[in-house]
Amino acid sequence: MKTKGKSSVLFILCTIAIIAFAFIGFNGLEIGGWKVKSFNDTITKGLDLQGGVSVTMEIQDENVSKSDLEKTKQQLELRVNKIGVSETVVSTEGDRRIRVEIPGKYDSAGIVDDLSKTGQLTFKSPEGEVLLTGQDVEKASVTSNPETGSPEVSLELTSEGQPKFAAATEKYIGKQISINMDEQQLSNPRVDSVITQGKASITGQSSLEEAKKLAGLINAGALPVTVKAASVETVGADLGATAFPNAIKAGIIGIGLVYLFMIAFYRRLGVISAITMTFYIAMTLLIFGEVGAALTLPGIAAFLLTIGVAVDANVLMFERIREELKKGISPKAAVKKGFDEALSSIVDSNVTTIIASLVLYFFGTGSVKGFAVTLMIGVLVSLFTALVITRFMMNRAVDAGLLSKLSHFRVKRG
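For the sequence shown, the positions run 27 to 440 when our numbering is used.
Worth flagging that the hints you see were computed from the coordinates, not collected in a lab. Watch out, some of these pointers could steer you wrong.
With a straight-line Cα cutoff of 27 Å, these simulated DSS-like cross-link-like pairs (lysine-lysine) come out [said to hold, decoys possible]:
| hint | residue 1 | residue 2 |
| --- | --- | --- |
| 1 | K225 | K238 |
| 2 | K165 | K239 |
| 3 | K254 | K99 |
| 4 | K150 | K201 |
| 5 | K99 | K165 |
| 6 | K275 | K32 |
| 7 | K32 | K358 |
| 8 | K225 | K190 |
| 9 | K92 | K165 |
| 10 | K63 | K275 |
| 11 | K201 | K165 |
| 12 | K165 | K190 |
| 13 | K362 | K32 |
| 14 | K438 | K363 |
| 15 | K353 | K438 |
| 16 | K32 | K239 |
| 17 | K238 | K190 |
| 18 | K190 | K239 |
| 19 | K438 | K30 |
| 20 | K254 | K92 |
| 21 | K363 | K431 |
| 22 | K362 | K431 |
| 23 | K238 | K201 |
| 24 | K30 | K363 |
Please build the complete structure, drawing on both the sequences and the hints.
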């Protein structure tokens, strides 16, 4: 009786926790100035859901290296940030192209013009006078301070840049010389000594990644490449505003039909499946928001597909359990053996789907990659839900007496 009571309490508490988790996730919560954002606020929406401009830029120079491609990508990211756009996606496609997706902006001509300009790196005095340009920089690299171990950016100047830099550091010692890409400031280091040998260190980076980014941008300014718009796509605000509600409506209908089928066919097992599926949906959307994955129409399709994968895992487990019950063993033993028997099939089917999504991600472009990321996240969460959450809830339901008769499993006595 003690085990039954404990399992009943655990089952009820877990059910309430899952429902509360989903409710707060979909509606948000604010208590005493402390706010939990809803999934709608945290998940980044793709262009096809909110409208915007997608521009594919192509490098025109010959013999483009991976380093040149990455530097150009960093330049374009900086230009997009200068436009003042948040939630922008900049990604490489192939070995010469970079796709820039800018949500909420519709002046495609102005954006293409801004992205097509060659980046101009400048070193400026406190008064705004240009002291050096990117042409005066030989290279920038990431090093670490031998005393503190903190990351730094090491600069090597060209023969033409050395006397300019020596004069600048002598004139502005104790003051700051800013490093800018076009009109945007990258760093504003203080001159601690006169630099006459053409080598300097920029300190003050908070992390290795920040130092790498600064070095990459300085190198990009020193080694400019020519880019040209290869394709421009504009999704209007009205189209995006219509697509998102329709996609949500389709998702709700699809999920609702799955719930109805599972409950109608498996009864109490179906109710448990609906509870764990609610956890799965909420957890997947939470991860989307946390990792910053952009949700697109193909992504929603992939998400609905993973719901089918998650339901398939439940069906496999339930059918295995029913087969064991038909052999005459107890419900508790049948649940344990049913899960064990279904484990290999569930893992195999999910692993093959993950492999397929990895192939799509590494060889696909644009929305195909988004589909692959959504599919992979969904499959991994569904695997965890099936093997951990569903199993836990089923065991608690059996111990609580909620699944104690053959009829509860939709099994008839032979």
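Would you list, in rising numerical order, the hints stated earlier that this structure does not obey?
6 and 16
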